[in-house]
Amino acid sequence: MKASHAIWKERFKAKLPEPLGSEVDQFETEIDLRKQGKIDEKVFAETRLRRGAYGQRYDNGHRYDGTQSRTLPFADKPTKGPGTMWDAPGMLRIKIPFGGLNPAQLEVMAELAEEYSDGIAHVTTRQDFQLHFIHIENGPSLMRRLAAVGITTREACGNAVRNVTACPYSGVCGDEAFDVTPYSHVLAWFLMGHPDTMEFGRKLKPAFSGCAQHACGLTQMHDIGYTAVVREVDGKLQRGFKIVVGGGLGPVPRQARLLTEFAPVEEMLPLTQAVCRVFGKHGEKANRNAARIKFLVDKWGIEKFRTEVFAVRKELREDPRWLDMLKDVEKSVEGPLHPPGQLPAVNGNEKLREWIKSNVRDQRQDGYVTCAVTLPLGDITADQLRSLADIVAKYTRGTIRTTVEQNFLIRWVSKSDVAALYGDLAAVDLGQSGGSSIVDVTACPGTDTCKLGISSSRGLGGELRNRLLAKSAQLDEAVKGLHIKVSGCFNSCGVHHVADLGFYGVSRTVNGYKVPHFQLVVGGQWENNAGSYGLPIIAIPSKRAPDAVDRITEYFVKNRQGDEKFFAFVKRVGKGPIRELLEPLNQNFPTHDADPGFYSDWGDPRQYSIGDIGIGECAGEVVSRYQFELVASERLVFEAGLHLDRGATQQAGETAYAAFLQAARALIQIQYDDIGSAPDEIVSEFKERFFDTKMFFDPFVGPKFANYFFAAHAARGETFTPDTAHHRIAEAQLFIEAVHNCYNKLRSTPAPAATK
Amino acid sequence: MELQHLVVKIPVAGALAIDPAKVVDVMHQWVAGQTVPGVLLIDVAELLHVPKGPGVVAVGHEADYSLDHTGGLWGVQYRRKTQLPGTNGARIAEALKSAAQTARRIQEAFPALKLSNTTFELIINDRGIAPNTPETYAAALPEIEAGLRAALGHGDFKFTRHDTERRQRFGVTVQSSRAFDLAALAAG
Ligand code: HEM
Ligand code: SF4
Chain A
1 MKASHAIWKE
11 RFKAKLPEPL
21 GSEVDQFETE
31 IDLRKQGKID
41 EKVFAETRLR
51 RGAYGQRYDN
61 GHRYDGTQSR
71 TLPFADKPTK
81 GPGTMWDAPG
91 MLRIKIPFGG
101 LNPAQLEVMA
111 ELAEEYSDGI
121 AHVTTRQDFQ
131 LHFIHIENGP
141 SLMRRLAAVG
151 ITTREACGNA
161 VRNVTACPYS
171 GVCGDEAFDV
181 TPYSHVLAWF
191 LMGHPDTMEF
201 GRKLKPAFSG
211 CAQHACGLTQ
221 MHDIGYTAVV
231 REVDGKLQRG
241 FKIVVGGGLG
251 PVPRQARLLT
261 EFAPVEEMLP
271 LTQAVCRVFG
281 KHGEKANRNA
291 ARIKFLVDKW
301 GIEKFRTEVF
311 AVRKELREDP
321 RWLDMLKDVE
331 KSVEGPLHPP
341 GQLPAVNGNE
351 KLREWIKSNV
361 RDQRQDGYVT
371 CAVTLPLGDI
381 TADQLRSLAD
391 IVAKYTRGTI
401 RTTVEQNFLI
411 RWVSKSDVAA
421 LYGDLAAVDL
431 GQSGGSSIVD
441 VTACPGTDTC
451 KLGISSSRGL
461 GGELRNRLLA
471 KSAQLDEAVK
481 GLHIKVSGCF
491 NSCGVHHVAD
501 LGFYGVSRTV
511 NGYKVPHFQL
521 VVGGQWENNA
531 GSYGLPIIAI
541 PSKRAPDAVD
551 RITEYFVKNR
561 QGDEKFFAFV
571 KRVGKGPIRE
581 LLEPLNQNFP
591 THDADPGFYS
601 DWGDPRQYSI
611 GDIGIGECAG
621 EVVSRYQFEL
631 VASERLVFEA
641 GLHLDRGATQ
651 QAGETAYAAF
661 LQAARALIQI
671 QYDDIGSAPD
681 EIVSEFKERF
691 FDTKMFFDPF
701 VGPKFANYFF
711 AAHAARGETF
721 TPDTAHHRIA
731 EAQLFIEAVH
741 NCYNKLRSTP
751 APAATK
Chain B
1 MELQHLVVKI
11 PVAGALAIDP
21 AKVVDVMHQW
31 VAGQTVPGVL
41 LIDVAELLHV
51 PKGPGVVAVG
61 HEADYSLDHT
71 GGLWGVQYRR
81 KTQLPGTNGA
91 RIAEALKSAA
101 QTARRIQEAF
111 PALKLSNTTF
121 ELIINDRGIA
131 PNTPETYAAA
141 LPEIEAGLRA
151 ALGHGDFKFT
161 RHDTERRQRF
171 GVTVQSSRAF
181 DLAALAAG
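Just so you know, the protein sequences line up as chains A and B, in that order.
Residues in the first sequence are numbered from 1 upward in steps of one, following the numbering used here.
Residues in the second sequence are numbered from 1 upward in steps of one, following the numbering used here.
Don't read these hints as lab results, they were simulated from the structure.
Please note: incorrect hints may appear among the correct ones.
Lysine-lysine pairs mimicking DSS-like chemistry, simulated, CA-CA at most 25 angstroms apart [stated by the list, open to error]:
#	chain 1	residue 1	chain 2	residue 2
1	A	480	A	565
2	A	42	A	77
3	B	22	B	97
4	A	314	A	242
5	A	575	A	480
6	B	97	A	394
7	A	480	A	394
8	A	471	A	514
9	A	351	B	52
10	B	97	A	514
11	A	415	A	394
12	A	471	B	52
13	A	471	B	22
14	A	415	A	471
15	A	745	A	38
Here are some of the chain B residues that sit facing chain A, going by a computed Cβ distance under 10 angstroms [as the list claims (entries may be wrong)]:
#	residue
16	19
17	21
18	54
19	104
20	164
21	165
22	182
23	186
C-beta atoms are modelled at their ideal positions from N, C-alpha and C, and glycine is treated no differently.
Just chain B, with the same shape it has in the complex (with noise of 0.2 angstroms):
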């Protein structure tokens, strides 16, 4: 199967220590500095009214960039928009890479905000070609699997499934035995 439209959530460790509505200033600064590689930056939504919501994102035509609080989890969150050629291990590789350098770019401005160096969720936006179902776990685990082992060099993960209702979307929450380096990410 083709893991396209990857969703990947670096959660934050212990509470958060920002005020995420301080966030939306840099996340301004992103889209007039078109500071993202590759991606067109359109505009910030802040939606921190709603509670357990999306948080503050930077909405980008390929992607978008946010503080999720999606669950009541806080975290920095990659959503891939548009398709993205090329293998299931290029497509993980850019998610995680994207993941972290949204990370490192917020923490340039908050050094507060620390996050897990253990943990993520990589969840598939699409439930046309990732319904949440036992098949599809069966099927993209191996997929999942050999990509992080490319990308992080290593194959000591434990998955285990974002959440197992048949409404919610597709993924996996990804935890490694051996922390990973955020800035190494970033840098790919």
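The shape of chain A in the complex, shown without the other chains (with noise of 0.2 angstroms):
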């Protein structure tokens, strides 16, 4: 752990917006009680994944080092999940929703990459950030700086509600419906930590786009999709979104299917809310490879679904922040710094003539373009980030997206500023060009630091990126349009499904010995909201997949016809001829002797193993509403505790209180959905229920414990003493043991209705 980390804790004491404040208190209890042996490994995990800190390659303590596998020996203490060690870096998720950012927020991600990570900052393909290398102890200090610039990393992992993406040209692009900016801000935080997204047993994805045509939303291969649409009614103009559910990509790709046509904008948030009960209570929850919602749509059918999601949705108890988070959407719109502008004349400035061209776009704001920022393979330095942020400030009113090509983009930029900010980003290499082009090769994290990963994505990436930047000007601008994409898996976490030229990593044995090789998927679309997935044709080994695409692409210039799409191309063609040009590259192999780099990946000089691939988290762990409920519950009483030893009597009193309610309504959950967080109604359903049934009472002791509970709430708002407080404390500490007990017991008798 960093020297600062109690000079953070203090210094952001009770001035961090909630409930990302708490939320990392909350994070911080939980890493000791776990270094304490007192939380499960798995229920450790999965609260983990579930704050973003992910496991990393090699957190099994164990690393091919090229001729044999050997243990790395990380200190012997509690593990961060089965099997995972617990000093091993791993990766922190930050959760970028619509992958909206301010100056602040990217001079925080700035420091942050530098202080506790390898300096660099990563930009996923689900417009969130990554960082690297994080030791477990320093998340509640990445958390709390975070926090204080309103980010959080909470459900970037784990069985739930990730980031929502939106598409980054919202608000300012010709073609949409309307601005899906503030709604798909207002459905991340509304989902956040609702207690009907607790019970997946699987992520859900879900993505906004603004209009049905452009790949920018890529709502066709997601969980859940929004589409704007304005219709009439009445003669008036009614904003809604078309919702598909069931897409997603992974081992089995599947294209979203229409939940409705339209849904008014005011039923976006109880429609989804529906969606996720549904999910939560029938989506499969023992075999995690079929438990996306697209094998529960699948399964149903997406009539019985649709039905079922709307039953459920009349059933829903009314909640206010349905349409009071709507409140303000329509004022909330970005706007320019600058007046509007012409573009400048480029003068024989041919850098900036190519950047123009493949990087800025024009707005539907007359005057006003977006500028694509173009990294590579998503990363970033912290100087750079430092940069992007100053030039943000000067040229926008302090607004940035990510993308889900894993880049920047900058919006509202008047068009006579064009030629300064080239000049503002160049000057600290940003000012590539070839954005959203064959040169911009879009990458997973790959066997560089992912437990999952087969061969090395990003290897592949950066070299066919080195190779074809160093030819651009030679390439045809047919070929220029491809898109690349690389998983290192076939989990497509490099989304290669829906790239003209996708890979994904496998292995094969050549002469005795692995090695590695991706699979070319062609037949894929980015366009109309990655309306097409391709299919792998043929397994090529990795140090010749930049073959691939030379003999691939020099095919395609030869042989289209007109102004034909790679797409409608490789539609054409078949998928025959394209594998007989790639044959050769499986011939001919060279011996270990002859050459051994063949044997080893794109910038990893050891002997190619797969002995290195561990149990990926992509799942997280199955843990139930109820757990989470209980460990909260859990955590309440030993924050108690701390409170009474630091002389807070008080507060102590009161947060053993808080433990028993916590504690009472896990239990109710489980009969009851909708139960409420009012003391009252939680003490009259566990009455009703529990109590009155008896099913509360202990073999030994009656109804014992229960009475705690009721006494406690009798007394509330009570004066503590030190001597009540710590009864109350020791109390609460026995109800919850005696919720364990009742819980037990219910799992072995018949569950009664789900809903009240």
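Grab the two chains, each in its own frame, and use the hints to assemble them into the complex.
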């Protein structure tokens, strides 16, 4: 843990926006509890994942060194999860709803990358940031510093609602029905920590798009996708969303299916809540490979799924936030800092001309453009982030977005600022042209840091980028427009299914050695919101994958008809000829002695092995909402003890009372989803369901523990002495034990009706 | 003040005369052999695709070792991650020695790598304990001076603040009027 841990804690004490501040405190407590062995490793793994703290390659304490697998001798401490060493560095995923950031946030990202990571902040394929090589005990400091600028890592991983992505052109695009930005923002915060999202067997990824035809929102490949639609009702224009569900990539990709052609914006939150509840209740839990919502939609068919969602929607307890949160959506629009202008004359500035052509796009608003900042493999240094913060403050009202192509997009740039902006970007090596083109390769973390990586996606991505950049002047225009996306394995975090040329890592045996390979995937479509998925046609040795790109692109240029797109071209010529073209790359392998490099991967000199592949944490541990709520109550008792230790008697007693309520609630929600948080309601539901039925009675002491709860409730508002606070804490602890026992009893008796 | 999480970067003398990508291989051997005593090496991060970035890093639990290119300046860098007990003097000595040892280790594989023997950067990689302010400079300088005097056996240094921009980390560029001997520093 860094020396400044206590400094940050003190500095931000009671100053962080809620609930972000208390969530970090909770995480810190959970870390302490786990260190003392008081939380089970699986529960800790899932709570940490839900806070964005992922595992990283080699965290099981083993690493292949090129000749053999060796133990990395991490200190003997409790694990961070099954088979996960405490001191092993991990990844922190930082959620950026709709990719929206301001200069202060960029600056904090820079600080954290420098102080806790390897100096690099990484933009992901879902508009998030990731920092690698993070020690778990530094998590709370990172999270506090992020929370201070309004960012959370909550539910960035685990079986939760992941980052809500949105088209980065929202609000400035000529094709959109309306600006989806504020809606994506509202949805992200509404769903965060929502009880109906606690019971998922797997993650749920939402995405927004302003229109149906362009790729930017990729709604078709998401678990739940929202496309903006405006319709006319009684002469009035009404905003709403076409909502699709059950899309997703991963090993078994699915196109999303239609839930509803039009849900008025007022229905966005309740309908989504209903989808979450249906998924939480009926989604697969035991088999994580069939647990995404797409499998439930498959199993039931979309009609049954839809019927169930709308039925549940009707039963939901009214939540004022459904409408309150939408109150200001139409007011919150971004605008320009500078007056509109004209694009500069480029007069022989070839680089500027190139950059404008590839990275600058007209906005719907006359006189303004968006400018893409292309990052190599989504990586940016701390110094660059600070410069970018300055640039954003200088030319805009302080907003910028990350994109699913692992870049940034600066919006609302006056056309007359374009040359100066380019100059500022280029001065810090951020003026690379070729945004969204073939050189702008997307890659998942792969074997660099991911536990599941089979081949080096970043290694190949970097190599392709270098080669293509070197010859970009000679590239045919048709080739320049292609998209290359690389994943390190079939899980498709690099979204290879929706590229023109997609790659995913596999391994093959050649001459008795394992050799890293990539499956080449063609026929996918980035356009039309990820309108179709490609299929693998051939596996090629990693070191020959760049040759495959050369062969295909040459073949395309030679044989395309008119201005045929690659997608149409592949459809016309068929996959057979493309495979034939590449088959020679699978012949005449060098012997190991002649070319050992063939037997290792890009950027990694070790003899290749698949021995480092670990158990991924993409799915998280399946932990029920009951377990989460109960852990929360245990944490409260623990905190109550801490308060007592430092003489905060009143706070200690009140926190113990809160622990009672929390534990009772954990039990009630098993039978009644919509249980609120008002103490009277909790007590009366508890009494009716578990006391009057004697379900909660202890075989030896009968109603004793329940009575502790009732007594604590009756005495609420009391003034505590150290003694009475101490008693309350002890009683709360016993009550929690009784909740455990009651839960076990419940599990062995048939469940009553699920809702009230 | 306590000087924790020190970074020492010894800049390359002149232009970088070696291929940084080749350093990746060497660092992998360090990890394979766990060749840094008292430190658990975990992996190698190759970040050469990022301009003026962290370069090539041997990532450890206690510390990272790199051929770094931050600020456009190539250099061999040591970065302490976990806290070190003891005095500031001991921490400075440890950082200098570790940076020198890293330099020697790379030079063993690449004798062409020439490093400065009169200057280095010393940064505190923690804005919580050392915000980049004149106050930090005033508080840290006597500690740094004393530490260096003990480690190098003389006091003929000139210090300039590494970067006065408030958002940067606090650090100093140390200019020594007497050449130091890397091999001797590495030996401690
Ligand atoms: C079985 C396990 C996994 C599956 C099926 C899976 C699947 C996916 C898919 C399909 C996407 C991207 C497309 C999308 O839905 O928008 C994605 C995103 C991503 N995955 Fe995975 N993944 C798994 C595990 C991992 C692991 C272990 C890592 C490495 C730490 C990882 C890193 C990423 C990253 C960096 C992204 C983009 C990030 C984001 O959500 O912000 N994934 N994953
Ligand atoms: S595609 Fe595979 S290798 Fe890449 S991040 Fe996802 S799980 Fe890891």
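Hint check results:
1. 480(A) to 565(A): Distance of about 12 angstroms is within 25 angstroms: holds.
2. 42(A) to 77(A): holds, 15 angstroms
3. 22(B) to 97(B): holds, 24 angstroms
4. 314(A) to 242(A): Roughly 19 angstroms between the alpha carbons, so the hint for residue 314(A) and residue 242(A) holds.
5. 575(A) to 480(A): holds, 21 angstroms
6. 97(B) to 394(A): Violated: residue 97(B) and residue 394(A) sit about 43 angstroms apart, past 25 angstroms.
7. 480(A) to 394(A): The given pair, whose Cα atoms are some 31 angstroms apart, is violated under the 25 angstroms limit.
8. 471(A) to 514(A): At roughly 32 angstroms apart (the allowed maximum being 25 angstroms), residue 514(A) and residue 471(A) break the hint.
9. 351(A) to 52(B): holds, 20 angstroms
10. 97(B) to 514(A): violated, 41 angstroms
11. 415(A) to 394(A): holds, 14 angstroms
12. 471(A) to 52(B): This hinted pair holds, its Cα atoms lying about 23 angstroms apart.
13. 471(A) to 22(B): The given pair, whose Cα atoms are some 24 angstroms apart, holds under the 25 angstroms limit.
14. 415(A) to 471(A): Violated, at roughly 30 angstroms.
15. 745(A) to 38(A): Within the cut-off at roughly 23 angstroms; holds.
16. 19: This interface hint is violated because 13 angstroms lies over the 10 angstroms limit.
17. 21: Holds - the Cβ of residue 21(B) comes within 10 angstroms of chain A, reaching about 8 angstroms at its closest.
18. 54: Holds - the Cβ of residue 54(B) comes within 10 angstroms of chain A, reaching about 4 angstroms at its closest.
19. 104: This interface hint is violated because 21 angstroms lies over the 10 angstroms limit.
20. 164: violated, 14 angstroms
21. 165: holds, 8 angstroms
22. 182: This hint is violated: residue 182(B) lies away from chain A, its Cβ roughly 24 angstroms from the closest one there, beyond 10 angstroms.
23. 186: Not OK, violated: residue 186(B) not within 10 angstroms of chain A, min 24 angstroms.
Comparing the model with each earlier hint shows violations of hints 6, 7, 8, 10, 14, 16, 19, 20, 22, 23; every other hint is respected.
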